[in-house]
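K.L.:
When you get a sec, could you build the whole thing from the sequences and use the hints?
Protein chains in written order, with my numbering: chain A, 31 to 331; chain B, 206 to 481.
Simulated from the structure, these hints should not be mistaken for laboratory data.
Just so it is clear, the structure is predicted and the values come from calculations on it, not from any experiment.
From the three backbone atoms N, C-alpha and C, an ideal C-beta is built for every residue, glycine too.
Which residues of chain A face chain B? A few of them, derived with a C-beta cut under 7 Å, are: (1) 66; (2) 143; (3) 161; (4) 306.
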Amino acid sequence: MLDRAFGRLRAFRPQSSRLGPGWWPYAFLAPFLVLFAIFLLYPVISTVLISFQKKDGLGPGTFSGLDNYAALLRDPRFPIAARNSVVFTILGLVITIPSAFLLALGLNSQRLRARGVFRLLFFLPAAASSVIGAMIAYVFFDRQYGFINTQLGIDVPWLTSGALILPTIYLVILWKYVGYQSLYFLAGLQTIDKEIIDAARVDGANSAQVVRYVLIPLTKPILLVVVVLVILGSVQLFAEPYVMTKGTGGPGQGGLTIAMMIWEAAFRQFRFGYAAALAMVSVAAAILASIVAVRALRSET
Amino acid sequence: MLRTRRLAGTVSLNVAMTLLALFALIPFGVALSWSFKPLAEIFQLPVSPIPQTFSLDNYTAIFTDEHFEVFFRNSILAAVGYTSLGILWCSLGGWSLSQYRTRLNGPLLVMLFLVIALPFQVMIVPAFELVVQFGLVNTLWALIVPFSASAYGILFMRQYMLSLPREVFESARIDGASEFRIWRSLALPMSVPGIAALGIFLFLDSWNDFLWPLVVLTGRDNLTYPLGLNLLVGLFHLEYGQMMAASILALVPVAVILLFMQRQFISGITAGALRR
Chain A
31 MLDRAFGRLR AFRPQSSRLG PGWWPYAFLA PFLVLFAIFL LYPVISTVLI SFQKKDGLGP
91 GTFSGLDNYA ALLRDPRFPI AARNSVVFTI LGLVITIPSA FLLALGLNSQ RLRARGVFRL
151 LFFLPAAASS VIGAMIAYVF FDRQYGFINT QLGIDVPWLT SGALILPTIY LVILWKYVGY
211 QSLYFLAGLQ TIDKEIIDAA RVDGANSAQV VRYVLIPLTK PILLVVVVLV ILGSVQLFAE
271 PYVMTKGTGG PGQGGLTIAM MIWEAAFRQF RFGYAAALAM VSVAAAILAS IVAVRALRSE
331 T
Chain B
206 MLRTRRLAGT VSLNVAMTLL ALFALIPFGV ALSWSFKPLA EIFQLPVSPI PQTFSLDNYT
266 AIFTDEHFEV FFRNSILAAV GYTSLGILWC SLGGWSLSQY RTRLNGPLLV MLFLVIALPF
326 QVMIVPAFEL VVQFGLVNTL WALIVPFSAS AYGILFMRQY MLSLPREVFE SARIDGASEF
386 RIWRSLALPM SVPGIAALGI FLFLDSWNDF LWPLVVLTGR DNLTYPLGLN LLVGLFHLEY
446 GQMMAASILA LVPVAVILLF MQRQFISGIT AGALRR
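P.N.:
Given below as structure tokens:
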């Protein structure tokens, strides 16, 4: 009774929802938008402009057309860094992603004990700072006193060979991200209706066939996201190669990445225009590669 | 027959996963082991996987080094500041995007999704110039303010707040509550699990960051912990034991968060399959 009476009373009050929220939606968004526009949107646009300028350090630059891009083509280190990024991408696509998917299958299995503990353990490397991973890599891969060589009784120049520095950095990256990526696949696998799998089983599909014809197609949206993450991540690799090569790129520049070149050009040589051009080219290439990869994967069933 | 095969499958799955987990943990084990080795033992052949003499020297060296105290405090302050601001902007903006239909919503959402995928290098040079212009170089503010408007964060909060029951807010409106009051007294308390997940994500993002601090902290004394660690490689010529002790110490906050807030943590990382 009382409730109803109050309800009626309420109905006579002026209702703010009828008037609409007014300027509130914008007020709520304002602080975010201001910072976002200043520190994200403006810098992106500014990078585009700076890439066409001769600009060495702070202060205004002068328009120089495509000079920075031309300089990039003449830079002997650019093809090395670009090749390294491509190699990191390929390793990520053919080793990290399938490993992460297999790991997710294991983590998703009802027959695995203590699944929560496993999920946590595999995630631990991703939660640690990249610098820590690189630090441990020194102790792990030191040629004379390192854990791997001394315990396995081998003599491999993990960190000091131009041919091996990239694979060694990649091992650290694999260790760090395989568990992280498997969480994406795990999230995808957990959304799959168990009845679909049971139906396939009833129809006589074995485990491998269930994976190939049911689980992989149904987790494809996740796969696309992870593929894009790997491609965009490869041009951004910085902390591991930087620390593991002490900022030099390593022997024969074997561990040089695009992000390291950009950092060096901008903050060691203060060639802002050149750094911006490098950023433009690498990001454009990565986005293009992502689009091509997503298209290719989408059309294939 | 079928049951034995099934059992064998279960056993081999558990064994294989355990082995893999060991591989994932070995580097941490090595770091822990080396951190307790005295200097003499680290460069002494044959190398033992576990310390022959157990020493706390490396930890003492880190603890008594006043630089590391500063580095640790800086990292904590920067991470707490960045996380607090990030939560504030994102819970305000995410609320707006989840509750009201304005003409801004559509284009803004598209833009946020695009920016999330953009590699950091495409904004780093002008962002540094801005930090210089605002006089924030070499201050922790440079780590706290600029990227606290996280595109990932606002999308995450929007997603979370979309799942809250709208009827509650409607009836508060009918009762005459202002929009701000509804956000403050209803939406925020109801979003605590989401805020916790975002908070962990932002905290670790800042705690582990390397490139941006390297750019804006140009001095030697006012560094963050990861930068200080990196300095250890250069200045002290690879004192492996101290490097490992310092690394283990950097892992402590991460391990604490992981252990006590595991669920929020995992959901914060994978929600929407997005990242900054």
